[in-house]
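Use these hints to put chain R onto chain B, whose structure you have.
Residue numbers (numbering that gives the first Met the number 0), protein chains in the order written: chain B, 0 to 828; chain R, 0 to 251.
Misleading hints may appear alongside valid ones.
Claimed, not checked - Listed below are the simulated SDA-like cross-link pairs for lysine to any residue, each with C-alpha atoms no more than 25 Å apart in a straight line: (1) B:Lys618 to B:Thr597; (2) B:Lys551 to B:Arg589; (3) B:Lys747 to R:Gly43; (4) B:Lys76 to R:Leu127; (5) R:Lys118 to B:Gly730; (6) B:Lys250 to R:Gln206; (7) B:Lys706 to R:Gln49; (8) B:Lys795 to R:Glu109; (9) B:Lys750 to R:Ile113; (10) R:Lys110 to B:Arg733; (11) B:Lys76 to R:Lys122; (12) B:Lys747 to R:Gln45; (13) R:Lys110 to B:Asp106; (14) R:Lys164 to B:Asn51; (15) R:Lys110 to B:Gly791; (16) B:Lys250 to R:Asp213; (17) R:Lys134 to B:Pro107; (18) B:Lys551 to R:Val120; (19) R:Lys110 to B:Arg792; (20) R:Lys122 to B:Gly796; (21) B:Lys551 to R:Pro136; (22) B:Lys111 to R:Phe121; (23) R:Lys122 to B:Arg109; (24) B:Lys745 to R:Gly43; (25) B:Lys76 to R:Lys134; (26) B:Lys750 to R:Arg44; (27) R:Lys164 to B:Asn90; (28) B:Lys571 to B:Asn146; (29) B:Lys76 to R:Tyr133; (30) B:Lys795 to R:Trp129; (31) B:Lys360 to R:Gln49; (32) B:Lys745 to R:Thr47; (33) B:Lys345 to R:Arg44; (34) B:Lys747 to R:Glu42; (35) R:Lys118 to B:Gln734; (36) R:Lys214 to B:Asp271; (37) B:Lys822 to R:Arg44.
Note that these hints are calculated values from the structure, not bench results.
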Amino acid sequence: MELLKKLISRRRFLQVSGAGTAAGAAVVGSGGLGIGQLSTLKEATAATVDSNTVVNKSICAQCPARCGIDVYTTNGKVHAIYGNAGHPIANGKGCPKMHLGTYILYDPDRFKGPMKRTNPKKGRDEDPKFVPITWDEAWQTVADRMNTLRDKGESHRFGLFFGRGWGATDVGVTLAPMAKLYGSPNIGIGHSSMCSDGSVLAKQCTDGNASYSSYDYRNANYLLMFGANFLESFRPYNNNLQVWGYIRGEKAPKTRVTAVDVHMNQTLSASDRALIIKPGTDGALALAIAHVILTEGLWDRNFVGNFADGQNHFKAGEPVDTAFNEKWTQGLTEWWNVELKDRTPKWAEGVTTIPADLIVKTAREFATTKPAIALFERGAHNHSNGVLNGMAIHSLNALVGSLFAEGGLAYQMGPAYGPAPANPDDHLDDYAKNGPHKDVPRIDLKGHEDGYLFAKNMLQEVPKNHLASKPYKMDTVMFYMTNPVFSSPDATAWEKMLAEVFVIDTSPFPGETAMMADLILPDSTYLERWQDAPTYPFQGWPLAQIRTPAIKPLYDTQTFGNTLIEIGKRLKGPASEYYAKLENVENILRHLAKGFETTPGDNGVNSFESWVEKGVWYKKPYHWRQVRGEFFEWDGQGWNKPMSAEDVKKKLLKTESGRFEFKSSYLDSKRDWVLEKTGRDPAKFNFPHWEEPRYTGSGDLHFVTSKNAMHAEGRSANLPNAIALMQPTAGGRRQVCAEVHPSVAKAKGFKDGDLIRIKSTLGEITAVARVTELTRPDTIVLPFEHGHWAHGRWAKGRGSHVDSIIDNQSDRISGMANYYTGKVTVEKA
Amino acid sequence: MAKWGMVIDLEKCTGCQACSTACQMENSRLPGENYQDVLYYTEGRQPTPQLKWFPRPCMHCEEPSCMHVCPTKATYKTEDGVVLIDWDKCIGCKYCMIACPYGVRFYTDEKALIEPNIKQVFKGDGDLSWNPPYKGPQQDPKHGVGIQPNGVVSKCNFCYHKISKAPKGTADLDESNPELVEYVPACVRTCAPKARYFGDLDNPNSQVSRLISDKQGTRLLDHTGNKPQVYYLTGGGAAAAAVPGTRANKKA
Numbered sequence: 000m001e002l003l004k005k006l007i008s009r010r011r012f013l014q015v016s017g018a019g020t021a022a023g024a025a026v027v028g029s030g031g032l033g034i035g036q037l038s039t040l041k042e043a044t045a046a047t048v049d050s051n052t053v054v055n056k057s058i059c060a061q062c063p064a065r066c067g068i069d070v071y072t073t074n075g076k077v078h079a080i081y082g083n084a085g086h087p088i089a090n091g092k093g094c095p096k097m098h099l100g101t102y103i104l105y106d107p108d109r110f111k112g113p114m115k116r117t118n119p120k121k122g123r124d125e126d127p128k129f130v131p132i133t134w135d136e137a138w139q140t141v142a143d144r145m146n147t148l149r150d151k152g153e154s155h156r157f158g159l160f161f162g163r164g165w166g167a168t169d170v171g172v173t174l175a176p177m178a179k180l181y182g183s184p185n186i187g188i189g190h191s192s193m194c195s196d197g198s199v200l201a202k203q204c205t206d207g208n209a210s211y212s213s214y215d216y217r218n219a220n221y222l223l224m225f226g227a228n229f230l231e232s233f234r235p236y237n238n239n240l241q242v243w244g245y246i247r248g249e250k251a252p253k254t255r256v257t258a259v260d261v262h263m264n265q266t267l268s269a270s271d272r273a274l275i276i277k278p279g280t281d282g283a284l285a286l287a288i289a290h291v292i293l294t295e296g297l298w299d300r301n302f303v304g305n306f307a308d309g310q311n312h313f314k315a316g317e318p319v320d321t322a323f324n325e326k327w328t329q330g331l332t333e334w335w336n337v338e339l340k341d342r343t344p345k346w347a348e349g350v351t352t353i354p355a356d357l358i359v360k361t362a363r364e365f366a367t368t369k370p371a372i373a374l375f376e377r378g379a380h381n382h383s384n385g386v387l388n389g390m391a392i393h394s395l396n397a398l399v400g401s402l403f404a405e406g407g408l409a410y411q412m413g414p415a416y417g418p419a420p421a422n423p424d425d426h427l428d429d430y431a432k433n434g435p436h437k438d439v440p441r442i443d444l445k446g447h448e449d450g451y452l453f454a455k456n457m458l459q460e461v462p463k464n465h466l467a468s469k470p471y472k473m474d475t476v477m478f479y480m481t482n483p484v485f486s487s488p489d490a491t492a493w494e495k496m497l498a499e500v501f502v503i504d505t506s507p508f509p510g511e512t513a514m515m516a517d518l519i520l521p522d523s524t525y526l527e528r529w530q531d532a533p534t535y536p537f538q539g540w541p542l543a544q545i546r547t548p549a550i551k552p553l554y555d556t557q558t559f560g561n562t563l564i565e566i567g568k569r570l571k572g573p574a575s576e577y578y579a580k581l582e583n584v585e586n587i588l589r590h591l592a593k594g595f596e597t598t599p600g601d602n603g604v605n606s607f608e609s610w611v612e613k614g615v616w617y618k619k620p621y622h623w624r625q626v627r628g629e630f631f632e633w634d635g636q637g638w639n640k641p642m643s644a645e646d647v648k649k650k651l652l653k654t655e656s657g658r659f660e661f662k663s664s665y666l667d668s669k670r671d672w673v674l675e676k677t678g679r680d681p682a683k684f685n686f687p688h689w690e691e692p693r694y695t696g697s698g699d700l701h702f703v704t705s706k707n708a709m710h711a712e713g714r715s716a717n718l719p720n721a722i723a724l725m726q727p728t729a730g731g732r733r734q735v736c737a738e739v740h741p742s743v744a745k746a747k748g749f750k751d752g753d754l755i756r757i758k759s760t761l762g763e764i765t766a767v768a769r770v771t772e773l774t775r776p777d778t779i780v781l782p783f784e785h786g787h788w789a790h791g792r793w794a795k796g797r798g799s800h801v802d803s804i805i806d807n808q809s810d811r812i813s814g815m816a817n818y819y820t821g822k823v824t825v826e827k828a
Numbered sequence: 000m001a002k003w004g005m006v007i008d009l010e011k012c013t014g015c016q017a018c019s020t021a022c023q024m025e026n027s028r029l030p031g032e033n034y035q036d037v038l039y040y041t042e043g044r045q046p047t048p049q050l051k052w053f054p055r056p057c058m059h060c061e062e063p064s065c066m067h068v069c070p071t072k073a074t075y076k077t078e079d080g081v082v083l084i085d086w087d088k089c090i091g092c093k094y095c096m097i098a099c100p101y102g103v104r105f106y107t108d109e110k111a112l113i114e115p116n117i118k119q120v121f122k123g124d125g126d127l128s129w130n131p132p133y134k135g136p137q138q139d140p141k142h143g144v145g146i147q148p149n150g151v152v153s154k155c156n157f158c159y160h161k162i163s164k165a166p167k168g169t170a171d172l173d174e175s176n177p178e179l180v181e182y183v184p185a186c187v188r189t190c191a192p193k194a195r196y197f198g199d200l201d202n203p204n205s206q207v208s209r210l211i212s213d214k215q216g217t218r219l220l221d222h223t224g225n226k227p228q229v230y231y232l233t234g235g236g237a238a239a240a241a242v243p244g245t246r247a248n249k250k251a
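Here chain B stands alone, though its shape is the one from the complex (with noise of 0.2 Å):
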């Protein structure tokens, strides 16, 4: 890179950063392509050679993994975006969605500026006549709204819910604050049960980490995935590939792997077997995995523990009454006498429909061929028993002593920020402190005993609260990031809520909820502005990246962070000091790079400057780690400082007992709601254990809406690049296609190709039919991504929008969102 510096002159990039392009970029020429050629061209097809290339630091957007990006920016044109090599999670690597974020920007239907609503009607059918305002007329258009409601005792009518936020200028600075200052616990409902909530609550009920994990995939020797699409969805997407290429191309010895999904798909296809069951049973699969360790003997000794008397008393059908010495788990005999006894590979057979053999194979080598990894994601928690599938999975690690240990799994550390400009609590009034908003349950009904007492979020039933009136109305809703109009289970039902409240939308997008609001605010596209964001769970140690702008904003719009500190600044009371404090996002960011300077990064980032000019800061190693059943914390030098029971309890296994607990003491710290809301079986009902899922319909075929590789955050939909690759397993190239099964396609009398009609019990859509082996006969996977009502001129009436046929069912513990649980019928069309 320092020869290419030299092939531009210094004038040259002021030029070109003083044409609007961001600073700290660093600069690349095209020197040397042939310029001598370009004399003996004609004149009217001149080759073209441009050396003011600038490239600078950002972030990609296309899915949670927030890997490092380079954006190549020529005269003030975005034309290129590869991997940043310095980057841990994209290291120069990119994932078939990276290269789509120029269509993003130059997007022709993007909002060009602020705008109100003047038809009053709302509707699919309803041209809500948008005109143009200010910034300042948007911006104070909510401020009044808010200040309003809160002259009235009524702050808690006013939510603000989101879905993908990235860090500390848009959601942690800026909204989530906002709640406590304005007094609403309807600020900051996130999307996170419509997400992946299903394995946090899982990892919570069982080792006491309410997160995602932090995978070590690179020194595993064995995975065993179960409804995570490695290849094609699982995060982070880019660093699963490169993971892929090293552990079954170059590491000696080859990682084996086994996959568990509802149909043939790459990650299946790509590993060394392939078990496709019946959705919603991979707790059972897990469970007779369980019991296979079990009964052979195979459980991991130093972590696990042994029986008193050395032999193994674990034999199938019998209960087992001797002593077993545990040493970091809880629960283990009890376990299998009450469950696990039962759970035979030949009973699992029928349940899941793998055959016996194969889930003996399977169990012996993941619990011989260590360090193994059991990980699961949302085709296995995406059902009414999705914690209890999620438990048993996860109960796997421990079996084989994979937590904490090299090539297992972990959590997350978070990055080493310096403090925002204002602290909230120096900003509160009495109202804040002690309004009526202190005395009502959220809109959602999270953590109350009506609702979900153990979700994290419920976006899902804000519609069917508020129509209800239970447990009130709202008055003014506000988006962030999602479109729950489009991808919410029985989505129409938010169109009805929507047209009764005052909307507010800041998507850059004419998304359906735009179509629903009063009030457009847009927010800047990802390669316009300042953000910043560390990482979701990745390999452990902390680590943040940075956005910055490659160009101005081509139109009239402001990043989200800069909209909410604007809204707060107009906010009545001392909420207004708060926001006037943080002036903007980048003096936000600012502020948190001075953390980087006390705890530089390995990159050598220790400033502002510095993370702008790597994009990314981290620090290695992961502080834990357990070796052979005992317990590390890093020293500077190495894993060398044994931790006590209860430094492993604070830090590592946050259980009530300090263990992994197959008996979760989580659960049992709301017994009788458990109890009385799932009416589980009192002596299993806080152990993984086996319950047949509650599919919704009754037709006689699973539907499926699988997530596909090409599904770049809610926008491939109007990409046409993006959607003529969207399905390429099953020739979707126009639109996604329903994978159905040839029994099925005869049985009901319609060839590959033919229009079909999928209907459930809220109603019916159409697809267009790819009759294939692919899939089971007993499922149909019809791909989410169309089926769009508004979006742009691509997006519109393109496919089906299989989530107007989805039942709003959720698992009563995790609160996750049941989208894969329907049954439907089929029918030509």
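For chain R alone, kept in the frame of chain B given last:
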């Protein structure tokens, strides 16, 4: 002079299509008209169906049949072994598209795969078939680089605007080398599982030559005599990415 070639390790290829999207970004390709496609095939029956895929760029043959049939010599072989199209000479007769055994050439003015036609949204001026705001800065019709003009055939050019700037004598264009990364073809540079390698086939010490030797690199449809300069490593059977059988059922 180098003879540039590519090695694709099918044992590592995950079928993710990042090669295709990086290529369409770098070369301003229209939706569905990728210089580089991944083809997907299914065989077998439940519960043991097979899903396979096959990444396919232009093979940049040593004996390119497309070049031999071109009546205007628009398709030509460069000194460094790359098959290119001179758009100033191409008359759009499509003989080359029929002659190519690999189906990797595109003609402009075909019906748009995705409607509304994006060419009508970002209209071209002069000879250019369209003019998207995100197009790359390079426009070099003599080497078939940049926005495709009206009435001509186009295809993968091994990112000639990049590789042609590489220092002479380079054995491998390795994207992990900061000195070389800007000269690496887009598909090779981005390939996350590192299934792609690009280097000098005439240099027996290059990484590509070593891989072809160590892992028995094979060439697609070698019986045609075209002698591709793209080699595949098949990994001895464990790879999901695979050379398709003649009876495989092609999707997409």
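Quiz item: Honestly, which of those hints from before does the structure not fit?
Solution: Result: no hint breaks.
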